[in-house]
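Enquirer: The residues making up each chain are set out below.
Protein chains: 2
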Amino acid sequence: MLVVKKFGGTSVADNERIMNVAKRCIEDYKAGCDVVVVLSAMGKQTDVLIDMAKSINPNPPRRELDMLMTTGEQISVAMMAMAMDSLGVPSVSLNAYQVAMHTTSVYGNARLKRIDTERIRNELDLKKIVIITGFQGVNKYDDYTTLGRGGSDTTAVALAAALHADKCEIYTDVDGVYTADPRIVKKARKLKEITYDEMLDLATLGAGVLHNRSVELAKKYGVRLVVRSSLNQSEGTVIKEVVKVERMLVSGVAADKNVTRISVVGLEDRPGVAFRLFDALAKANINVDMILQSIGRDNTKDITFTIPRDMEKDALDALENIKDTLNMQDINTNSKVAKVSIVGAGMMSNPGVASKMFECLYNANINIRMISTSEIRVTVLIDEKEVEKAMNVIHDMFGLED
Amino acid sequence: MLVVKKFGGTSVADNERIMNVAKRCIEDYKAGCDVVVVLSAMGKQTDVLIDMAKSINPNPPRRELDMLMTTGEQISVAMMAMAMDSLGVPSVSLNAYQVAMHTTSVYGNARLKRIDTERIRNELDLKKIVIITGFQGVNKYDDYTTLGRGGSDTTAVALAAALHADKCEIYTDVDGVYTADPRIVKKARKLKEITYDEMLDLATLGAGVLHNRSVELAKKYGVRLVVRSSLNQSEGTVIKEVVKVERMLVSGVAADKNVTRISVVGLEDRPGVAFRLFDALAKANINVDMILQSIGRDNTKDITFTIPRDMEKDALDALENIKDTLNMQDINTNSKVAKVSIVGAGMMSNPGVASKMFECLYNANINIRMISTSEIRVTVLIDEKEVEKAMNVIHDMFGLED
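Line order of the protein sequences matches chains A and V.
Position 304 (the first sequence) corresponds to 334 in my numbering; numbering is contiguous.
Position 238 (the second sequence) corresponds to 268 in my numbering; numbering is contiguous.
Mixed in with the good hints there might be a few duds.
Repeated chains share a single entry, so a pair holds when one copy, or any two copies, can fit it.
[As the list claims (entries may be wrong)] Within a straight-line C-alpha distance of at most 20 Å, the following computed DMTMM-like cross-link-like pairs (lysine to aspartate or glutamate) qualify:
no.	residue 1	residue 2
1	Lys170	Asp347
2	Lys84	Glu46
3	Lys170	Asp155
4	Lys84	Asp44
5	Lys84	Asp115
In short, the hints are calculated from the structure, not lab data.
Hey, can you work out the whole structure from these sequences and the hints?
Expert: Here is the structure:
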């Protein structure tokens, strides 16, 4: 059995934690597994390096920033190999160059293209634990790149795919995927299994356990993902293509407060207006989420949409540039909103899930401002202050604690 | 003109110093030079990394220690490239992998074998300053290696040789090579030029400006070396094959206090004894320097030699092991001695230089305990407490201040 195990920065923040992770990996090794370990930089080291860069150049060239940042994971993997050596187990650390992890050339946000597995397989054949730097790659110019947010998860999944691993374990500070955030919904329950698609919707919607790109990649290559805690031996949640029917319509409830609603009022009602509006936002790299178009007065229309709250300024700048061209009468924003979603592969074949959600929000006197749905998801936009109440009543309504 | 400039850890210890080095390199760049910069790790970063390694494993595997240590120079070069960018000058940082710097496979003490210059030349053609990690290489297993003490000097000289650079400037905290250590001999004078051989003898004898291996390499490939200060614009000292005749027999006086004298008394006077003695020391990795053999009483002989003082314990351990086999009667050590040497290419064709040195030591009432000579060097062993006086009288005697 070949297992890829990924540990984040918190899990390797100091020597004691590194030793714990080493022991955990050695358990699998002694049980006869081939073990590949993927590590992030220790603790907040990546932030330390970014601050260091900005102290000498407020706008450091991205290529050089990646050159600097990739030292973080190299330190982690070398320290881990030393820890394993002190425990008497042979291991070898490899960075992106040594593997090699080929990526696209975009510094700071590269995509993995191809992984050479020869070196890894040779080291595994020598009965070594192979410890690999997460988050980093090498582009066609032979330069270091980094993969952007959640990059180490992506490294782990891509390695699992390339090595045809039996499973890819992602260790976090929570012990699995829950029906809702346990800090908000006390009755939240850990799921044994969840499908890739459900996990994708949960990840996008702010459950924050796994990064989207890693789940997409796992789905594409059928990598069996397991989310587990690095702090205890709990089983975790398995993410795979088809899960056992648990007679559940809904797998979980998620909330996302990084939302601003923008309304563009009084647009001319002629073809191409919506295109030009969203094209301007896309060119400013702003992800637009929920969209609502309504007919206004006097042959005009209003368009309302949501964006990540931290992109509000960029969005308003982009809109200001086209305000006159599109004859906008007004632009309103509301940052005190949040998205609440239910996700479940079971709802595909079950009509009435959405209306059941709306009903329980109505009963709780929570106003729905926008609605968006997909095959396995229903999302509503509500006032931010109602989020906790909404999640709890929905969790109760669908009986997720059972 | 192509120039290689090497700066040590002290010169890049903080942002302010990095900016100073950047500006210094940019002067040459703006004057039309192709500029290649070689950097050590910032300040004491290498020591910090070694301590970090030892905190998790008192005997870290050398391969992993090199993997850890090589992050130090990678941070320096990335920071330097960011500094140059902030000054509006295009540059690119490269580590040992990217260059590539091929070395032997001995971790911690690798030797450079071959440097690929294609990437460097391409970047220079793009009118960039190329900033390269010193001290590190890659071996045939695709693993990082480090070059051992003085490694960054060696990197710089090897790059200068591979690129056929017009000169290789080594920046230190002194502004050149002196006729004697200015802290000891007040009248010491900076030399404009010195030959490789003289520099080699001075380096070995503790002048401490350049590491031996870099000077040997410079001699082998005819690299024009310049030792300069990173703190001022002073011209420095040029090290090359043949220097202008300055009508000087002696170029400089050097002292080395890292010396212990060991006398092995009452050895049997039969063949193979000396061989077995020094073979035991060689196997313990101890560099033996001056050697004196004398006939003792009763068909025995005494052997006296000097070793680096910090290897005294290892040497005595090695001798203890063979004490009985060789029938040694006694082992005496004296750690309160020091070597004082005069070096000069001019003395080759001038007999009488040594006796002039002995004469002035005699006049100063300084006892000579051992003597050793080469074609361009005379070394005497004296009491440590006499070193300052000896250096000054010798400096005066040979008129080195003029």
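Enquirer: Take the hints in turn and mark each one as holding or not.
Expert: Here is how each hint holds up against the structure:
{"no.": "1", "hint": "Lys170 <-> Asp347", "result": "neither (35 Å within a copy, 54 Å between copies)"}
{"no.": "2", "hint": "Lys84 <-> Glu46", "result": "between (31 Å within a copy, 14 Å between copies)"}
{"no.": "3", "hint": "Lys170 <-> Asp155", "result": "between (29 Å within a copy, 19 Å between copies)"}
{"no.": "4", "hint": "Lys84 <-> Asp44", "result": "between (25 Å within a copy, 13 Å between copies)"}
{"no.": "5", "hint": "Lys84 <-> Asp115", "result": "between (36 Å within a copy, 12 Å between copies)"}
Hint check: a violation occurs at hint 1 only; the rest are consistent with the structure.
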